[in-house]
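Given chain A, put chain B with the ligands in place with the hints provided.
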Amino acid sequence: MIGVISYLVFFLILALIFSIAVLGLNLQWGYTGLFNAGVAGFIAVGAYTMAIMTGPSREAVMGGFELPFVVGLLGAMCTAGFAALVVGLITLRLKDEYLAVATFGIAVTIQLVCLNWEYVTGGTLGLISIPNPAKPLTDGPLAQNSVFLLIVVGVGGIAFWSLERIVQSPWGRMLKAIREDADAAASLGKSPTRIRLESFVLGCMLMGLSGALYVAFIGYVSPSDFLPIVTFQIWTMLIVGGSANNRGAVLGAIIVWGVWTSSGYVISKLVPTEIQAQGGAMQAVLIGLILVLMLLCRPRGLIGERMNVSRHARI
Amino acid sequence: MTATVSGSQTVLQLEGVTKRFGGFTAVDNVSFDLPAGTIGGLIGPNGAGKTTLFNTLAGMIQLDAGQVVLNRTPIHTLPPHQIFKAGLARTFQIPRPFREMTVLENVMTAPANQAGEKFWNNLLRPRKVAREEQALREQALSIIDFCDLSRVSADAAASLSGGQLKLLELARVLMSEPEIILLDEPAAGVNPSLMVTLVDKITELNRRGYTFLIIEHNMDVVMSICDPIMVMARGRLIYHGDAAGARQDPAVLDAYLGDLP
Ligand SMILES: Nc1ncnc2c1ncn2[C@@H]1O[C@H](COP(=O)(O)OP(=O)(O)O)[C@@H](O)[C@H]1O
Ligand SMILES: [Mg+2]
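So the sequence lines, in the order shown, correspond to chains A and B.
Its first residue numbered 1, the first sequence is counted upward by one per residue in the working numbering.
Its first residue numbered 1001, the second sequence is counted upward by one per residue in the working numbering.
One chain only, chain A, in its complex shape (with noise of 0.2 Å):
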């Protein structure tokens, strides 16, 4: 019994922080329209942001300051919002395709950036002893992770009603307009590329305190944790949930990854151990086959959008 309930703690902390970044690219797709294929990349800066800020000194690697955990969060953030309005000033004048492959290119750059610059990154070893914040709290792995699931649903649970209370509103409205036709929401006085910029980078701070808050929780951080496959399932998540709703965002976060989770679980049983290094790209397999089905079946997600869009707007 404890058993099944250390691991839906588990279970839980890990698809809630993911649902953070499930929601910044809502904010950027399901609102906005933006194609961004390198939501990894993001992650990736505020997960190493964290490690930096808040991590332990060590020697021939930069950093560990060993700031307390707030300010980790917040300057994962801050990096990830300030590669976003980089990136975005450079791609978001330019035609909707072109993001999609710039922010791909982007992230492959950031993860080999990882990979190599050893004196920031620890390079392939990455930076290990990341202190957890439930740690000093708390003693016993169960305590541990139910007060760390405390804090995600409590920072989640912030972005949460920021972005609902920012998005049902005026500038949502624009947000969506947007998505819908750049050309008449300009003509009406609103600057598509002013717009875009703000939605890019606030999602992309989103993405950046999802990826802190997976440091702070496994205690380490290595290039290898941001492949694309990981962008692929936040975008399956994000279509699976229903784009456009900050509620689907996150129902797709839970679901996507209990399938993701347990078919590892199943293949490790069923699969004969000569193959199981294949494993992964049946997971991935399967995880293509739910986002097909979904996009066939059911193009708006479990929980589709609502065409209200401001609160005061009801009718």
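A few of these clues could be false.
As the list claims (entries may be wrong) - In silico EDC-like pairs for lysine to aspartate or glutamate, Cα to Cα no more than 16 Å straight-line:
1. B:LYS1085 with B:GLU1177
2. B:LYS1085 with A:ASP183
3. B:LYS1118 with B:GLU1132
4. B:LYS1201 with B:GLU1177
5. B:LYS1201 with B:ASP1145
6. B:LYS1118 with A:GLU164
Derived from the structure by calculation, the hints contain no laboratory data.
All values derive from a computational prediction rather than experimental measurement.
Okay, now just chain B with the ligands, sitting in the frame of chain A:
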């Protein structure tokens, strides 16, 4: 050619406006003034360059030569959203609604500088945003009512008929009280009864002081409400004057090959 109505002030002034697509000159050295309080009619055969002229005026495409002055301010160097804020609003020949939004919110999108358009205000000054939204909502609903769209105000714009979409485009631009409204074929695809409504709306708005520039193929509409009339053919402005004169102008008759009623 450039007869300005004496005593009235010029809202929109075009000087040598030219737009080329490659070697093809879609708008060729077009100049005219539009006095405040008028309904200017811009007519001409298909492909004459009327929509292209609108697109250059609204900043959607860059002009290659010439200038556009709105109330003494040059606007041809501004991006589209700033041209709108300067007071020039336009509708599209093929309506471009925000399809997945309600009619009400399509209309509420239009006003510039809403407090709630700054995302932080929705967290820091929610009351101010709520108050503004309340007022906007009232204003939008009355404009929607004026445009005979009350029955569909809660519906997705995607579900509207072609004629209703034309009215929605009009409703959107009315929200911001522009200096001049450019309508691109407002009556095209609109059924006859709705057309009468539309023409009534335009003349009523004109009486309230709005200035219009209208591209329209329906000659009954043009001849009954538009003055002055500008005729374009192959990118050039070939006539500028009143409706009666247009019927007799040889260049106009030639451009239409006698199609003009
Ligand atoms: N983006 C474009 N690229 C090339 N040619 C264009 C473009 N837009 C319009 N044209 C051409 O310019 C001419 C004028 O078109 P348009 O302004 O739509 O005419 P009108 O509205 O008077 O019917 C047409 O011959 C059209 O093919
Ligand atoms: Mg046209």
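Checklist entry - For this structure, which hints from the list above don't hold up? => result The structure conflicts with no hint, since it agrees with every one listed earlier.
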